[in-house]
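On the provided structure of chain A, position chain B as indicated by the hints.
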Amino acid sequence: MSTPRIRMPASAKAGEPIEIRTLIDHPMETGLRQQNGQTVPRKMIVRFEALADGEMLFAADFRNGTSANPYLAFMARFEKTTALTFVWREEDGREYRATQRISVS
Amino acid sequence: MSAILIDRRLAIGGLLWLVALKGAAANEAIPAEVTAAIREKVGAAEASEGGITLKVPETAENGAFVPVTVTVHSAMRGEDRCTAIHLFATRNPTPGVASYQLGAGLARAEVSARIRLAEGQVLLAYARMADGSVRRAAARVAVSTGGCLT
Chain A
887 MSTPRIRMPA SAKAGEPIEI RTLIDHPMET GLRQQNGQTV PRKMIVRFEA LADGEMLFAA
947 DFRNGTSANP YLAFMARFEK TTALTFVWRE EDGREYRATQ RISVS
Chain B
16 MSAILIDRRL AIGGLLWLVA LKGAAANEAI PAEVTAAIRE KVGAAEASEG GITLKVPETA
76 ENGAFVPVTV TVHSAMRGED RCTAIHLFAT RNPTPGVASY QLGAGLARAE VSARIRLAEG
136 QVLLAYARMA DGSVRRAAAR VAVSTGGCLT
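Residue numbers (the working numbering), protein chains in the order written: chain A, 887 to 991; chain B, 16 to 165.
These are calculated hints, taken from the structure and not from any lab test.
None of these values were measured; they are calculated from a predicted model.
Accuracy of the hints is not assured; some may be wrong.
Cβ-to-Cβ under 7 angstroms is the rule here; a few derived chain A residues that face chain B [said to hold, decoys possible]: (1) A938; (2) A945; (3) N950.
Below, simulated DSS-like cross-link-like pairs (lysine-lysine); rule was C-alpha separation at most 30 angstroms, straight line [as the list claims (entries may be wrong)]: (4) K56/B x K929/A; (5) K70/B x K56/B; (6) K899/A x K966/A; (7) K929/A x K70/B.
Where is the CB? At the ideal position from N, CA and C, for every residue including glycine.
Just chain A, same shape as in the assembly:
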């Protein structure tokens, strides 16, 4: 569970728009759902951050309305070879991380 997946090109031209797609396996339990008469305990990722060389590139605050296995796609551009870090944070502070590198020519 909670395996992050990143889909993006390994290389790009400087300034070229590239798509970054992210997905993490996670139930995103809202704490509102009932199963066999019991409330399923809340377990939510509330924050996603994509950092480019440590600087905020894209971030998301999730509330109840985000689907299980949250998927996000966005378009970025890089002027130089960049190290990307992706962080998903649960409400209780637990984190899942992934890293990726894009070579820019």
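This is chain B only, laid out in the frame that chain A set:
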């Protein structure tokens, strides 16, 4: 001759109906708690229509998994930069769906995500620009199976 006239009348009627439907999504009364959630995230700035596109299916078979794409018409440079996008559901148990913060390294002000909708409703997208202005788009989604119980 009369058949043609009726056809034309039907066509015009259909067109008016379509226009009315599109307008309805934008003008539908918004519940107070949704307005409060919007104020909290977006602030009191008056939102203008246009310059933002909210793409959702007209009918979502599964409310637990509704694809959404928000595109803001922005060069993502200088003053013409979108800094945040907020999504709100008007008839979910909690109105706020998600907020996205857009850094300067983004090439386009475009976000795709998958969201949950409890029932058929109007979805609202707000975009905040670097100059402080706010844009808004609305779209109606019909939901076949509600997304909160699965």
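Checked hints:
no., hint, in the structure
1, A938, "5 angstroms, holds"
2, A945, "4 angstroms, holds"
3, N950, "4 angstroms, holds"
4, K56/B x K929/A, "23 angstroms, holds"
5, K70/B x K56/B, "21 angstroms, holds"
6, K899/A x K966/A, "9 angstroms, holds"
7, K929/A x K70/B, "28 angstroms, holds"
The structure meets every hint from the earlier list without exception.
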